[in-house]
Amino acid sequence: MNIEQAMDVRQQRILAALENKNTSVYFDDALDNEMILNMGPQHPATHGVLRLLIKLDGETVAACIPELGYLHRGYEKLAENVSYHEFIPHTDRLDYLSPLMNNTAYVLAVEKLVGIEAPRRAQYIRTIISEMARISSHLLGIGALAMDVGALTVFTWTFREREKMYDIFELLTGARFTTSFTRIGGLAHDMTPEVITAVKEFIEQFPEKFNECITMLNTNRIFVERLDGVGVITREQAIAMGMSGPNIRAVGLKHDLRRTQPYLVYNELDFNIPVLNDGDCLARYYVRLNEVKESVKIVQQCLDKMPSGIVHANEPKKVLPRKEQIYTRMEELIHDFMLINFGVNPPVGEIYHAVEASKGELGFYIQSRGEGHPWRLKIRSPSFMNLQSTSQLVEGGMISDIVAVLGSLDPVMGEADK
Amino acid sequence: MLTTVVEKLKAQFPNSILGVREFRGETTVHVKKEDILNVCAFLRNDEAGLFNYCSDICGADAYTPENRFEIIYNLYSLSYKHRIRLKVFVDEADLHCPSVISVWPGANWPERETYDMFGIIFDGHDDLRRMYMPEEFEYFPLRKDFPMMGVPDSIPLPRK
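The listed protein sequences derive, respectively, from chains A and B.
Position 362 of the first sequence, counting from 1, maps to 362 under the working numbering, and the rest follow consecutively.
Position 78 of the second sequence, counting from 1, maps to 78 under the working numbering, and the rest follow consecutively.
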C-alpha cells in the first residue's frame, strides 16, 4: 500500500468514526430549517465573555438573546464594604480599556458627594488623561472592528499606537493598565515635565500615524461594504433603549455630556461633537474615528493652557496627605490615620454623577449614610445599556453581520458585567 | 425648569408624591409605588419635563423593618438637559413593583438587574430573568443580609 492509499484509508476511517457517533445531520434543504446557534462566551468576536444565543433561519438571524454575567465580580457589593479610597483600584477593572477615565469618573462622583473640588491643574491633568484614555479605547475599538470583519493589519497598527500610549501611562502612573491614578480631591501625584514632553511628542506624531490606519480602512471597499447599512437603529429606538456615547451620536443626536452637562474643564475648550445620521455600523465607526481627532485637539489645548500649581485640594480632612508629610508632621499623620481607618465620611445624601466615557454615559449613583464607605454604589455602565440593543440590531440581518454589529457597538464586558 | 416640573407633578398627582428632596443640586422625588407608571409616563410626555431618556434604574436595601427596599430611577431629558430622580419604596412583605418598560423600553435590563440583585418582581415585565447570577441561585446578593464572602455551596461547582 503506497502512501496515498494509506491516507485515503485513514480519511475513510475518520469519516466512519464521525458517522458512528451520530454527529451528522441531514436536511432535505439546509436553508429551510431553523437552527439554534450558541456564540460565546469564549468567542474572539464577542470582545470578552459575552454569550449570544442565536436562532437562525437559513443564514438570517431570526432571534438573538444576549447572556451576560460571565465576568460578574460583584463590584457593587464590594463597594459597600470598602472605603471610598479603597474602591479606586476597582474602577480600573470596569472598562479595562480606559482605566484612567473610570478613575476620573469615580472620583468626580465622590467629590460631588463630599462637596470638594480638585484644583485647576488637577482638573486639566484629568482632562488630558481622560482624552488619552478615549483615544486608546477608540483605537482598540476601531482596530478590533476591522479585525472582526477581516482586516487584520489595521489592528496591529492601532496597537502600535496604543503601545506608545501605554508607555506614557506607565511613566505617569507606574502601571500600564491598572493605573489607579486619581485620588479624592486630586491626583496620586503631579504630571512631571518628563511625562508632559512624552505626551507632546506622542500627540505630534499621532495624527499622521492615525491617518495611515484610517486611510487603509476608508479606502477599503470590502471593509466599507461590510459595514454600510448593516445593523441600523433609528433615532427613536436608540433613545428608547438608553444607548449612549458614539452609538447614539451615530443616529444624529448631538448628545455628549462633555457639552450638555460640562464637568472638568470641557467648557473652556474648543472641540466639536461628531454626529452622523445613518445609525448603521459605518456611522458608528466614523463617529469614533472623528472623536479621536477631536480628542487630539483637546489634549493639545490642555497642554497649552495647563496652569501650574498644586494638584491636591486643600481639604486636610478629606484629601489624603503627602507621604513625606505623614512621616515628618504630626497633624498630617493624624489625618492620614483618620482617613485610612474611618474614611472621608461624606454627609448623608445621594448623588448621581455621569461623565462621557469612551463607551458612553458612565455614571455613579452613590448613597451615603455619613459613613466611611458607601451605603449603596451603583455603576451605570454604558456597555451594559448599549448591549441591550444587540437583539434589535442583528435580528433580520445575516449571521456574518453579527460580528460587525458587535464590533461597532464596542462593548467591554468588564464594565457590562461589573 | 426643573422646579416647574416638580410643581406640575405635585399638582397632577397630589396623593402620590410623598416628598421632594434636594441635595447637591439634585432633585429626588419620592413616589407612591402604585402610581410610578403614571408618574413616569407623565414625566416622559410632559412639555416641561420631557424625560425621554432613562439613564438608570437600580435598587437599594435600606435594611429597615418597613419599606426595606428602594427602587431608584435616574432620568434625563435630552431636550432640556436636566436630570431628576424618582424613588419608590418596596416593602419586604410585598416585593412587587410596576414595570416601566412600556414607558422606556431600555428599562428592560436595569429592571432585570434589580430583580437579580434584590429580588424585586416587576409586574408587567415579560422577560424577568436573572441578569448576572445563575438561574438556580437562590439568594439576592446585594441585599444587606447577604454576606460579602458569599454563601458556601450556593453556586454548585462542576463535578470533577
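Quick caveat, the hints were computed from the structure, so don't treat them as lab data.
Incorrect hints may have been included.
[To be verified] Okay, the calculated bits of chain B under chain A, using three or more residues with CB under 8 Å as the criterion:
no.	segment
1	16-29
2	34-40
3	54-63
This structure is a prediction, so every number in the text was calculated from the model and none was measured.
Built from N, CA and C at the ideal position, the CB exists for glycine as well.
Each hint, compared with the structure:
1. Here the segment 16-29 of chain B counts 4 residues with a CB under 8 Å from a CB of chain A, which clears the bar of 3, and the coverage holds.
2. A count of 0 residues in the segment 34-40 of chain B with a Cβ less than 8 Å from any Cβ of chain A is obtained; the coverage claim is therefore unmet, three being the minimum.
3. Using a Cβ-Cβ cut-off of 8 Å, 6 residues of the segment 54-63 of chain B lie near chain A, which meets the minimum of three, so the contact claim holds.
Comparing the model with each numbered hint stated earlier shows that hint 2 is the single one that does not hold.
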